[in-house]
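Chains as they are written, first to last, in numbering that gives the first Met the number 0: chain A, 0 to 61; chain B, 0 to 255; chain C, 0 to 301.
No incorrect hints appear here.
Per the computed footprint, the stretches of chain B lying under chain C, defined by three or more beta-carbons under 8 angstroms from a beta-carbon of chain C, are: (1) 12-21; (2) 91-101; (3) 105-114.
No wet-lab data here; the hints were simulated from the structure. Here the structure is a predicted model, which is why all the values come from computation and not from measurement. Using N, Cα and C, we set each Cβ at its ideal position, and we do this for glycine too.
Okay, here's what each chain looks like letter by letter:
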Amino acid sequence: MFEINWALLAPLFIVEFILLAVALIDLIRIDETNGPKWVWAVICIFISILGPVLYFIFGRRP
Amino acid sequence: MQWSVIFKREMMEYVRSIKWIWVPIVFFIFGIMDQITMYYLPKIIDATGGMPEGAEVNIPSPPPAEALFMSINEMNTLGILIIGLLSMSLIAGELKSGVYELVLSKPVKYANYVTAKWAALSTLVLASFFIGLLAGWYYTNILFGELAIDKFLVAFLVYGLYLLFFITIAIFVNTWFKRPGMVLFLSILLIIFVNIITSILGHFLTWSPGHISSYVSTYLFTGNITTEMWGTIGTTIVLIIGLLYAAVEVLKRKEL
Amino acid sequence: MSLMEVDGLTKAFDGKEVVKDLSFGLKTGTCVALLGPNGAGKTTTLRMLAGFTHPTAGTIQFDQQSLTTDIRQYVGYLPQFPTFHTWMSGLEFLVYVGQLSYLTNAEATDRANELLEKVGLEDAKKQRIKKYSGGMKQRLGIAQALINKPKLIILDEPVSALDPIGRREVLNLMMDLKKDATILFSTHILNDAEEVSDELLLLHHGELVEQGALENLNHLDQTGKIQLNFSVYPEKLESQLKNLSSIKHIKPVGQGVEVVVSDMDVARIEILQLVMTKEWPLTKFEQAKTTLEDVFMKVVNS
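Work out the full structure: start from the sequences and follow the hints.
As structure tokens, then:
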């Protein structure tokens, strides 16, 4: 195995985590979503980056 | 002032709908993901033993100019898609829901309405693009070698203009159709059309906005801002102003 | 004094005229109902008067000036289905539209608070609009129409979509508004028009078919109903009445008949003469007041 430079990857993981956290917090606080909430929760958690983005664009009701 | 009232309300909407968090993050990721992948690619291939026995893994490390251009390449595809999604209901959504009728019953100038919305989205997109490209430039420097900051700045300004051009196309299409899906489809179709025309008739249309990314690429390698690049910048600015003007005029004539 | 003078107002969409050659005036301080069935061109008319749909032909004079300035500054408009930015609070939205109407932030905030109290939304002003009920949204809609103290308030079907309680709230609010502004509202419900308006404009297939004060309309109309009751139902009553020239239609009702007549003055004499010669035991002769509904039906069916 090769050395992983964690300092290099840390920012990527941090923003990914922020994106996920923001999406989940918003999902809890929001009244209604397009489609069931739990589906969006699953999508956000299991599809990294793309999941939360899909939720922000298509899941949120204005 | 009426313009700033609309601009501020638009900004407030971006804050409440969390766009001011997720859009910059997404552009940040677009900005750095190719550099990181490229950096680790040879090592990953090595480690997984994907190459046949005896074959040498020899992927040359790209020069810094090419590395930074990878960020722009991501903006050119995924970035454009995100911008299309952000702008597809900017005006069309208000036309569809009926808020537009209520806003229009106030003494709102069409030009204020269109340009304030345009400026608000442009601010969000350019700020996010700045963050993404800055991150890309930083990773380029530590992974692939030094690239002067003015390279980054010029690339930001010139390619940023291309993103503004796309936002303006989307705004213009917004005034024609009420269905957001239709707006998205047509905006992306139009920008693809501009690029196809440019690649077919590129020798004649040296000032076409479709050349911007290739001119930026050339600039990153050579450091020279060519006459064609200035011409393209000029054409793009003129087209942006023309499309905004057209959008205002279409909206003025639009029957609810 | 006339607040608005409309002359020859016409609107065509794709060559099809939906509003045809309307001419009328709105007197200052009156409440005018624009009455007509669905599809009569009410909304298009109101949008033109509110200044954001352009007439195909005709002129609108406001406050005795030909319109060179933006009329929208002086008019408050409530769309038929008001929609808001529902992620904003009621207060935020009112301040926003106030600023769009060239009020400063401070002016708009004061005015918004004043109006929220007036329409009874004070307790809900910090709530997101998406939590509002239909009646609350309608009242917020009226509040936003009043934000710039308009001289003319235009309301498109303000009560049609509301439940009885919401309807009552809004009608009371309109009665209150009548005191200091001119109101023009559209409706297809006759009771609402009768209840709050001083004058009527009757629109049908885009044409103005009747206009004037409520009382005058009733006078103008010579057709009407007469109710006749007898202690003993006379033989051949209906066939005898049918022979009279002024009678158009006969309907038996309980101990008597209801007749629709073409000319009230002639019918009165003819019927009473017949009753006297036949010595029918008449117990009731009632000339029914022509209701708005009768006028409406007559105009629409003619």
